[in-house]
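With chain A held as given, fit chains B, C and D onto it using these hints.
Number of protein chains: 4
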Amino acid sequence: MNTFGSKFRLTTFGESHGVAIGGILDGVPAGLRIDAEFLQSELDKRKPGGKYATSRKEADAVQILSGVFDGLSTGTPIGFAIFNANQHSKDYDNIKNLFRPGHADFTYFAKFGIRDHRGGGRSSARETAVRVAGGAIAAMLLGEFGVSVRSGVFGIGDLEARGLDFDFADESEIFALDKELDTAGKNLILQTKENGDSIGASVLTVINNAPAGLGEVLYDKLDARLAEAMMGINGVKGVEIGAGFKASKMLGSQNNDLMRDGKFSSNNCGGILGGISNGEQIVIKTYFKPTPSIFKDQETLNLSGENTICALRGRHDPCIGVRGSVVATAMARLVIADMLLLNASSKLENLKKIYS
Amino acid sequence: MNTFGSKFRLTTFGESHGVAIGGILDGVPAGLRIDAEFLQSELDKRKPGGKYATSRKEADAVQILSGVFDGLSTGTPIGFAIFNANQHSKDYDNIKNLFRPGHADFTYFAKFGIRDHRGGGRSSARETAVRVAGGAIAAMLLGEFGVSVRSGVFGIGDLEARGLDFDFADESEIFALDKELDTAGKNLILQTKENGDSIGASVLTVINNAPAGLGEVLYDKLDARLAEAMMGINGVKGVEIGAGFKASKMLGSQNNDLMRDGKFSSNNCGGILGGISNGEQIVIKTYFKPTPSIFKDQETLNLSGENTICALRGRHDPCIGVRGSVVATAMARLVIADMLLLNASSKLENLKKIYS
Amino acid sequence: MNTFGSKFRLTTFGESHGVAIGGILDGVPAGLRIDAEFLQSELDKRKPGGKYATSRKEADAVQILSGVFDGLSTGTPIGFAIFNANQHSKDYDNIKNLFRPGHADFTYFAKFGIRDHRGGGRSSARETAVRVAGGAIAAMLLGEFGVSVRSGVFGIGDLEARGLDFDFADESEIFALDKELDTAGKNLILQTKENGDSIGASVLTVINNAPAGLGEVLYDKLDARLAEAMMGINGVKGVEIGAGFKASKMLGSQNNDLMRDGKFSSNNCGGILGGISNGEQIVIKTYFKPTPSIFKDQETLNLSGENTICALRGRHDPCIGVRGSVVATAMARLVIADMLLLNASSKLENLKKIYS
Amino acid sequence: MNTFGSKFRLTTFGESHGVAIGGILDGVPAGLRIDAEFLQSELDKRKPGGKYATSRKEADAVQILSGVFDGLSTGTPIGFAIFNANQHSKDYDNIKNLFRPGHADFTYFAKFGIRDHRGGGRSSARETAVRVAGGAIAAMLLGEFGVSVRSGVFGIGDLEARGLDFDFADESEIFALDKELDTAGKNLILQTKENGDSIGASVLTVINNAPAGLGEVLYDKLDARLAEAMMGINGVKGVEIGAGFKASKMLGSQNNDLMRDGKFSSNNCGGILGGISNGEQIVIKTYFKPTPSIFKDQETLNLSGENTICALRGRHDPCIGVRGSVVATAMARLVIADMLLLNASSKLENLKKIYS
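Protein chains in written order, with my numbering: chain A, 553 to 908; chain B, 553 to 908; chain C, 553 to 908; chain D, 553 to 908.
If we strip away everything but chain A, and leave its shape as in the complex, we get (with noise of 0.2 Å):
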């Protein structure tokens, strides 16, 4: 339901327009160093504002509650939590008897029968803050064993990156992965902000140094755990791991990833093998659709079934896979530090490693 993970496992609550949203990370383990302005300044680089973004003003600012004391994980659950500041729920007051082309109002209306209007609710893409600040702990963990992970955009609408830079991506306000997507990318978003419309976008995410032997024999594999914490970001509708789609018009012998002089000749796995990690870097791609939220008149029905106008106002992002990207990282985190703590029973001479 709302528990994402299951040994580093985190548990989100909170909407759009609510008093705040929040999370408890639970599973951290005991004497984690937890640096508070990483976990800020992580947040930070998923808040709104800015040009390319919506232009709703939030700090962000998260607040610990529980699990650390004096710097250090307890091992007890880390409870936190960003207060909202600047909500304009009167934004939505036109939307709040129709349902919003794109968006999940219908499908939420049609499961729960209940019409949270403003700004989504639940099904807002604020929530993802909370998903931000729990892998920043995650990262803060897998810092210690030397796994890093990245992202960065790679495709807006029709244009993509030919570098691969994440290095430049971190300083980019877009996340582009190259300087011609960064300074094409720009001009596209601007562009179709000024139509009223949105554009679609994709993110590239690897995960470097993570060991091999991760991911669980048969139902959480590594690949699939990592295809829902995608699939399951807003505005998502595609995940490759590897070689990906195109694998799927590859002889084998050009997909098999051979082996030689101890390591593997190619990446076509993505580091991913039967559902566990190989030690190579591992490689996603995700899939975003365009910002449902756009400035045109749509088509649509009210909550009486009636055909009815969406004509939206108030503040969205052109582009959700900008911000995507970050969250996209999160999300990786967050299941490579799960993985690492299942793996830890895999085998008996890892148990005789703690019990001795």
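It is possible that some hints are incorrect.
The list cannot tell twin chains apart, which means a pair is met if one copy fits it or any two copies do.
[As the list claims (entries may be wrong)] Heads up, simulated BS3-like pairs for lysine-lysine below, C-alpha to C-alpha not over 27 Å straight-line:
no. : residue 1 : residue 2
1   : K738      : K848
2   : K798      : K745
3   : K815      : K648
4   : K798      : K603
5   : K731      : K798
6   : K815      : K798
7   : K848      : K815
8   : K848      : K798
9   : K648      : K848
10  : K905      : K798
11  : K745      : K603
12  : K648      : K731
13  : K745      : K597
14  : K798      : K648
The set of hints was computed from the structure by calculation and includes no laboratory data. From a predicted model like this one, the values you see are computed outputs, not experimental measurements.
Chains B, C and D alone, transformed into the frame defined by chain A:
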């Protein structure tokens, strides 16, 4: 770990060349007619044999061991087993000490420190027979609500179906979705097989008549669970929902599915909005890599890490995506059945219908 | 870990002397009226203060952060927090480096290698306020079906109630189940407190009007889940259902509950047969040890393993069983609410009522 | 549902008079020697037969179907089955349409609306053979760390053992913990049996050498999990840890376990403080009601709700607590194995031992 689903829950065991494979299906509501003939017929679709699959001979006769009385489910777990008949473990003696490229040999060894070299052991696609059995029982449950799941192959290598005829696919030996793909695909598979090679494929799965409201907020979204289910099938490297990765190139004004006269005007979202079904057809595409087992000499390492050559013998599918089509149907059925059960308590009014 | 329940699921965080305690209640069906006043009044029953409990002053004001809109549950998780007001962490400075006898100090240190000495940190009974909050919302759900849970103290030290008057218990400052226990119990508690000592107690919990059929086959039996819930309350060392320990001394012909004229003639089983409710009153007895915090010098070890003397100061309950009575009610409510939801899909005919 | 444990996880299936019972044990670390002889010998302890148990003849021969290769666990799930041999389903024809007093007949019918009258179906204690098998494999794992679990009968009706000799209990046909109970208990059981009646019993279980630190904060406490495990055994109505319900009559100064010279001076807590093991012997008492099957006419209802008389025939244990002793051992083993695995990631330093 080896359990799939939360309320409609399949736990499986078994290795390719072990004594038996089987499972326990928990959460089947009491009073469901269990059609043993249909169950076996579903297994027959997946079972090995024929020109386009491995020549291993397995009747895949499934034996129900519990949970059914007088032809009806009792509400208690349905245990079942398929005893392996045609193990040729000796076929694998020559690869006992090396890692087959593209297989899970290396990663299982990294994870467990144990080598069960007999046909891939647990990582073999043979285990998917158990999923098909579980999926068949799920189909009986879904049938009570008019929900049906269908799959077919829409791509083999560079070939792609133009039509999408599931009735045709049901009759095709390679589950091809149109006549042209059936003919050309068979040729391509045979030719690839003669070359000692293998080929990738892609599968389309649709779910008809699923009620709106399925999918749990917020980490058991229907699309996330489907992505997990599909990516967890042996050899899958990519999953799309609805417009899929093409959505990442679209404008919001193109991608949004408008509503009019009580229904959706398009289905780019593939039947899922905000992770919850909207009552439209649910559309999933699953991309399979080529079978890793090929009959060409391949560079690899032995268990001591030294360079060696892998030369396989034995019986293998030239295109795992073909039988993967049957497994995709099974996984979608398991997910939808689980979601139906989970959703039963979404509204207070649903509970009142039961406890009154 | 820090999550209780499967479909009606409470996840909690917080330490005795941290910033806040709180929780996320997931799985609340949409459309339930959330009575904030009742919620607070339930917390007030458990809150510290008075002659017979610790003198720590906490308003225990609970703040709902999400999941409720226009007074109704929305089906999304209900996040809530109780900010700590009256921490006297300095009271604990002198025990910073030693293990308090009877407390979890030693075991938490063994498990986590970290010492949060401030009032027991996570192991403090302060966390039970969160359970009471969750239980109060469960009570709102149960109320829709006429189910109620009541608890009272039936034993304090060697004193035992003769009558079982829950209305009286509700008014008693020590939740005593009859007048005699109320009078004698208060005296005993005060006298024990004056001696710098503490005393054990026992609590009776009954669940009225629970429908027959609750409890999952076979490892989520209702009695097993209740036993887990009660044994997990701070200080509990024993749990009985129905005739309990005494059943082990009985003959089958004495213990079996016969049926006649449409109902059970006795209730030795305590409303549960084979782990499933039978429609009779569910009866649970829970036994609390004396509060481990006493004001006598006690031998113990310091963190280096050397002998030392523990001399406590601070504010402590002389009899944790008293407030434990409120927590027992909360836990029973949480279990029954979970079981109601889980049972909703036990029969095909139940599902048909929903999906039709 | 039908799964016990989280990381060391047993899922079971099967009915008393079905084709087979069995289970899937998931999470067994790779590299554990699986001693098939020991496994069978543990099942033999529980198996029916002899003067003091039911005369149903079952070899209870357990067949391992997966997860073991060359005598070692592979890390993949261990599937196993016990085929039923000696079903006398006809013995139950006369109770087909009525509810046996003290049994789960009524509640299963209320829950599922289906009647599997053959020997109680899933609710039969026959399923506990599967738990014993799972517990035996758990014992192999625990043995690697020097942990052992032992149980014996300490009470039968009003008789109580004075000594607690587990070696003696192992040799006793009724697992009595001393010679006097053995002699008097056998007489009492036989006499009760001749009277067509049955008798309750109580079982003491101890866990030796469990490391300190087992038990998860805060809803997977070790004592809560043990209480759940024991209360879930057929016929159990009460569970105590350590001083148990006597603790509710004690003063804190009597009950607290002091520490001196590096160890605890007493063990009233039964080896568990704050839900976490403290390294002392873990002590659990489990109370069994008398077998509900007795050979006396008993008032009951038929499936139409009319008064009728239940007159049983067939083969039944006169004292289920006796064989319950073997099951108590199994459940404690399963819990401790699970807790060992869960605890492996409690500290960052533990993970560093593995991933370095």
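| Within, between, both or neither, where K648 and K848 count as close if Cα-Cα is 27 Å or less | So K648 and K848 pass the 27 Å test inside one copy only (18 Å; across, 63 Å).
Practice task
Have a look at K848 and K798 and pick one of within, between, both or neither, based on CA distance no larger than 27 Å.
Solution key: between (36 Å within a copy, 22 Å between copies)
*For the identical chains here, do K815 and K798 meet the 27 Å Cα criterion within one copy, between copies, both, or neither?*
Answer is within: at 23 Å inside a copy they meet the 27 Å cutoff, but 35 Å across does not.
At most 27 Å between CA atoms: does that hold for K798 and K603 within a copy, between copies, both, or neither? Answer is between; shortest inter-copy Cα gap is 25 Å, intra-copy 35 Å.
Classify it for me, K738 with K848: is the Cα-Cα distance of at most 27 Å met within a copy, between copies, both or neither? within (21 Å within a copy, 48 Å between copies)
ask   = 27 Å Cα cut-off: does K798 pair with K648 within a copy, between copies, both or neither?
value = neither (43 Å within a copy, 31 Å between copies)
- Task: With 27 Å as the alpha-carbon cut-off, assign the pair K731 and K798 to within, between, both or neither.
- Result: both (26 Å within a copy, 23 Å between copies)
* Up to 27 Å CA-CA - K648 versus K815, copy category -> between (58 Å within a copy, 19 Å between copies)
At most 27 Å between C-alpha atoms: does K745 with K603 qualify within a copy, between copies, both, or neither? Classified as within: same-chain Cα gap 10 Å, cross-chain 55 Å, threshold 27 Å.
With identical chains treated as interchangeable, where does the CA-CA distance between K648 and K731 reach 27 Å or less: within a copy, between copies, both, or neither?
neither (42 Å within a copy, 49 Å between copies)
**Message:** My question is about K848 and K815: at a cut-off of 27 Å on alpha-carbon distance, are they close within one copy, between copies, both, or neither?
**Reply:** between (53 Å within a copy, 20 Å between copies)
If the cut is 27 Å between Cα atoms, do K798 and K745 qualify within a copy, between copies, both or neither? For K798 and K745, only the inter-copy Cα distance (20 Å) is at most 27 Å; the intra-copy one is 32 Å.
In summary, the numbered hints that this structure violates are 10, 12 and 14.
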